[in-house]
Structure formats: C-alpha cells, structure tokens
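Chains as they are written, first to last, in the working numbering: chain V, 196 to 426; chain B, 29 to 318.
Worth double-checking, as some hints may not be accurate.
Here are the simulated lysine to any residue pairs, SDA-like style, with alpha carbons at most 25 Å apart [stated by the list, open to error]:
| hint | chain 1 | residue 1 | chain 2 | residue 2 |
| --- | --- | --- | --- | --- |
| 1 | V | LYS249 | B | ASN59 |
| 2 | V | LYS329 | B | ASN59 |
| 3 | B | LYS135 | V | LYS383 |
| 4 | V | LYS252 | B | ALA181 |
| 5 | V | LYS307 | V | GLU284 |
| 6 | V | LYS283 | B | ASN59 |
| 7 | B | LYS282 | V | SER301 |
| 8 | V | LYS329 | V | GLY268 |
| 9 | V | LYS291 | B | LYS312 |
| 10 | B | LYS135 | B | GLU79 |
| 11 | V | LYS311 | V | SER357 |
| 12 | V | LYS329 | B | LYS312 |
| 13 | V | LYS291 | B | ALA181 |
Incomplete in silico selection of chain B near chain V, CB under 8 Å [stated by the list, open to error]:
| hint | residue |
| --- | --- |
| 14 | LEU33 |
| 15 | ALA39 |
| 16 | ASP54 |
| 17 | MET57 |
| 18 | ASN130 |
| 19 | LYS135 |
| 20 | ILE136 |
| 21 | ALA187 |
| 22 | ALA229 |
| 23 | MET231 |
| 24 | ILE272 |
The set of hints was computed from the structure by calculation and includes no laboratory data.
Owing to the predicted nature of the structure, the values given are computational and were not obtained by experimental measurement.
Cβ coordinates follow ideal geometry from the N, Cα and C atoms, glycine included.
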Amino acid sequence: MSDQPSLFDILGPIMIGPSSSHTAGASRIGYIARQLLREQPVKAVITLYNSFAKTHKGHGTDRAIIGGILGYGPDDARIRHSFEEAQKEGLKWEFKFVGDFLKFHSNTARIKLWGKGGEAVEIVGASLGGGRIKIQEIEGFAVDFNAQTHTLVIIADDVPGSIQHISGAIAEEGVNIANMFVSRIETKANMVIELDQALSDKTIAKIQSLAWVKFVRPVEPMLEGSSRYEK
Amino acid sequence: MEFNLLSEIAAYCKREKKDMAQAMVDFEMRNKNVSRQQVYDGLKQILLVMEDSVEQGLTQMVITPSGMLNNWAKKVYNSPIETLGPSLKKAVARAIAVGEVNACMGKIAAAPTAGSAGIMPAVLVTMMEEHKIDRQRILDGLLVSSAIGLVFAKNSSFAGSETGCMGETGSAAAMAAGTIVYLLGGNEEQILEAVGFALKASMGLVCDPVGGLVEEPCTTRNAVGVANAFVSAQMALAGIKSLIPADEVIFATKEVGDLMSPRLKESGQGGLANTKTGREIQKKVFKSVE
C-alpha cells in the first residue's frame, strides 16, 4: 500500500454530523475501547480533555463516544439517540471534564470500560481531524496506532523470547506483520502489532493460552479513507 | 504514483491523453491496489449520501439543538422571490439543507470537511437537474473534485484550526468550481483557472463559529460557496485566466493561514463568535443544551 492519500480521504468520511473531529473521531475512540473490552460493556467512565471538554455538548461528542462504546460506526444514525440506547442495554456511564491539560492533544478522551463478564480496559485516544484518530495509551502503556489496518494488542510478562513466540504464531497462519511496537512498564510489555489481514480466532486463542500473556485483543480497521476497500 | 500539484495532474492528462477524472482513477488504482469498480462503488456511496442529505434538509423538520438554524433550506427553496431565477435559489437551498442536516446530527459525506459538506452536494444535484448530466458522469465530477482537494490537502490544509474557513468552504468551493467546469466540457487548464478564482475569493476567510458550533456562519457560508463555485466556473469557461496559477494560489492559502491569528481559526473566540450578539448566543445555547 502506498502512503499516498486515498481520494476517500478527501471525499468522506460518511458520518453523522456535525464535526469530523468532535463527532466522527470521538465515536471511533469509543468504538476501539469497545473492541478492546471484547464483551458487552456495563459501565463507562469517560474523561474529556481540552477542546473536547469545552465544546462536547454542541458537537454531540458525548453521544458519539457512547455510540462508539455500543459498537456503532461513525456513520450510524443511532449515535443521535445513543444515551437512550445505552440505557436500554444496561450501560451506565459518567463523563468527567478537564478543561486544560496541555500534555494531551486538543481533542482527547480517556475511556475506562467495565464488561458484563468482569473484564475492564482503559484507553486514551485523540481525534486528529477528518475523522482520523490515534490511540495513545492502553492500560497505562504508551502506544501509537490509528486502527487503519488490522491490529493486535497484547499485554504480557516481559519474558525473553516472548516476541518470537507471538510472531511465530502469527507467521504460522501466514499473516504478514506490517509493524510492531513494544513498550514496557517494569516487568510487563505491551505489543501493538499491525497486520496485513485479520487473524483467526484460533490463532488469537493460541496466543492467549501462552502462560505469560495477560491480554490479547484484535482491533478491526476503520472502514474509511484508504482502508474502506477492506470491506 | 504521486500528484503534488494541479499542474502535474494537467501534464499527466496531456501525456496520457486522459481527462482529470481518469487521472484520479489511475492514481487511486495504482496507489491502493484496487479495481476501477471498487473506486466507482465508493463514489456511488458518497453520492447517495450527498443526495440523501439534500433531500432530508428539504423535506424534514430541521431545527438544531441550539435553535440557531430553523428550517432555513425550505424557507429559501419555497421563497417566491428569486434574485437570479430558480436555479440559484434552489442551489442555495440545497447547500443550507446539508448544513442543517449536519448540525442536527444527520448523516453527511464530508467534502472535504463536515463544516463545508453542503457545497459539493448542492452543486452536483443542481448540475444533474439543470444540465441533465447522468449519474455516471457525476461520479467523474466527484473524481475531479477529489483531485483538486488532494493537491490542496498536500500544500495547504482543510483544518479550520490551520487555514480558517478558507480551508473548508474555500477549498470546497474550489473543488466544486473545477467540477462544474469539467461537467460542462471545460479542459484541464480551465478547471485550474476555476480553482484559482474560487480560492482567491475565499482568501483569508476566518473560521469564527458562534458558540464553537458548526452552524453560524458555517451554513450560510456554504450557500455563498456554491455561488462562488458557479461564478468561478462561469469565468473560467468563458476563457478568463486567473493570472496567478492555481497551484500558487494554493501556496498562498497556506501562507495566509499561517499568518492568521489563532483566535480567527476555529477557536470560537474571535470574529463573529466574539461579537456582542455572538457571545450572548453562546451563553444562551450552552445553557439550553445542558
């Protein structure tokens, strides 16, 4: 794939208004949090920073994020009624606001989700404009990915050979690794692996079964711009 | 395959004996490794959403949560007074329609941004109605608009926070102006002239939304952007030259954007947002949407 933009980066995204950064991008951050939780969410605590904190109401940023957490894409009209839908689905939520936090991009959200089966996940994401986003933090680990391609997020004990084990399992399925980022906190390591195609549930289960792996989550690409052809 | 300048695209068209729409198909197919069919399928989706958003704004109740916009598109569409015949009136109504739908959290296709999403649909629907242009050719018109947008994005910016409204409704008007020229049979040089005219008319346009919302003045600026596109295309098709080449005009938008105060670039703190009435509306709106 070329790093040239797609014409669908110019025309599009197809989205629920009013703002590509404050609505479409916001919903995508919520959507990624939902994918990382990988089960039905029952509770969400969302902190909006900077411009998101100041102008969220007029742009539907709050509704968009809740919509994303419910699994709606940025073009899903249910975003308009996401609070009502969330109530029906038994999701409780709370928003917090931090007006000025210069360490973060002007449109940043921190989302912590709790699931029905006891899972929990916390991420920080920024909306960069035009519906583009980047995820900057997962479970306290610094990360940097945009979910424009299939992505696998792994947290594991930092034991020697762990990367080889995981990349070996991926290679066994014949899936190509496009990029791999590793960050560490004390004895734990976080891996974000960008793949050319989706991994099978079997391979994901295989990685999950490794004794030192704590957390494995696939994130599907966002179907807009260059990645819309993946459909 | 790279297109960095409009003049490069025009040269490619001449060399390959293709029009600007087909140049853009080549660009997309080669860079993204996709088929012609996939490209057109994507364009069809965009066009359908554009048409729907026009239709909704003209037929459904659209009152924004802030109350700032209140069924304006229908008001214009049904006005008995026509300053320049029914065509311009309807084109203006269509642009406002999309702006209202967008502000009400309806579905739109950003082109190139959500805040400027009314201009391309208004122009395309109007071209279909006034000039009986078939849908397949309208898709080619979208391709031409994307070529113009691509070069603008590379050398300037669509972000209101970087280039003000010039980068949003200005670039959309330029995309639409070139598209009109293309759809009416103009050549690549004339498309570039139209881009130059439209951007020159938008040079320095600030982004000063009242209350920080994508409503006032964004919606009526979309309507004026449509007029800009038709006027610019008219001049280019008649053979007038922009004198400053389109690529250089794009460079100038970047320079002007850099020179503009941050208060005038989507801060909600300058220009109309900072007028006495603008500040009063902001206070009222943010109370009412609590």
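A quick look at each hint next to the structure:
Restraint check for V:LYS249 and B:ASN59: not satisfied, since their Cα atoms lie roughly 39 Å apart, outside the 25 Å limit. Pair hint V:LYS329 plus B:ASN59 holds up; C-alpha atoms about 23 Å apart against a cutoff of 25 Å. Of the pairs offered as hints, the one joining B:LYS135 and V:LYS383 is violated, with about 43 Å between alpha carbons and a cut-off of 25 Å exceeded. Of the pairs offered as hints, the one joining V:LYS252 and B:ALA181 is violated, with about 29 Å between alpha carbons and a cut-off of 25 Å exceeded.
Restraint check for V:LYS307 and V:GLU284: satisfied, since their Cα atoms lie roughly 18 Å apart, inside the 25 Å limit. A C-alpha spacing of about 44 Å is found between V:LYS283 and B:ASN59, which places the hinted pair above 25 Å, so the restraint is violated. As the CA atoms of B:LYS282 and V:SER301 are separated by approximately 21 Å, the hinted pair is consistent with the 25 Å bound. For the proposed pair V:LYS329 and V:GLY268, the alpha carbon gap of about 16 Å is at most 25 Å, so the pair holds.
Between V:LYS291 and B:LYS312, the direct Cα distance comes to roughly 22 Å. Compliance with the 25 Å bound is thereby established for this hinted pair. Annotation: proposed proximity of B:LYS135 to B:GLU79 holds, straight-line Cα distance about 11 Å (limit 25 Å). With a C-alpha separation of about 30 Å, the suggested pairing of V:LYS311 with V:SER357 is violated against the 25 Å cut-off. Only pairs whose Cα atoms come within 25 Å are accepted, and V:LYS329 paired with B:LYS312 is rejected, the gap being roughly 34 Å.
The straight-line distance between the Cα atoms of V:LYS291 and B:ALA181 is roughly 35 Å, outside the 25 Å bound, and the hint therefore fails. The beta carbon of B:LEU33 comes no nearer than 14 Å to any beta carbon in chain V, farther than 8 Å, and the hint placing it at the interface is violated. Contact between B:ALA39 and chain V, as hinted, is not supported at the beta carbon level, the nearest pair being about 18 Å apart and thus beyond 8 Å. Of the supplied interface hints, the one on B:ASP54 is violated, with its beta-carbon coming no nearer than about 11 Å to a beta-carbon of chain V, more than 8 Å.
The criterion of a C-beta within 8 Å of any C-beta in chain V is not met by B:MET57, whose closest approach is roughly 11 Å, and the hint is violated. Restraint check, B:ASN130 versus chain V: the minimum CB separation of about 3 Å is within 8 Å; hint holds. A hinted interface residue such as B:LYS135 counts as satisfied when its beta carbon comes closer than 8 Å to some beta carbon of chain V; here the least separation is about 6 Å, so the hint holds. Taking 8 Å as the C-beta cut-off, the interface hint given for B:ILE136 holds, the closest approach to chain V being about 5 Å.
For B:ALA187, the interface hint holds, the least distance from its beta-carbon to any beta-carbon of chain V being 5 Å, beneath 8 Å. About 21 Å separates the beta-carbon of B:ALA229 from the nearest beta-carbon of chain V, more than 8 Å, and the hint is not met. The beta carbon of B:MET231 is not positioned within 8 Å of any beta carbon in chain V (closest approach about 21 Å), and the interface hint is therefore violated. With its C-beta approaching chain V no nearer than about 23 Å, B:ILE272 sits outside the 8 Å limit, and its interface hint is violated.
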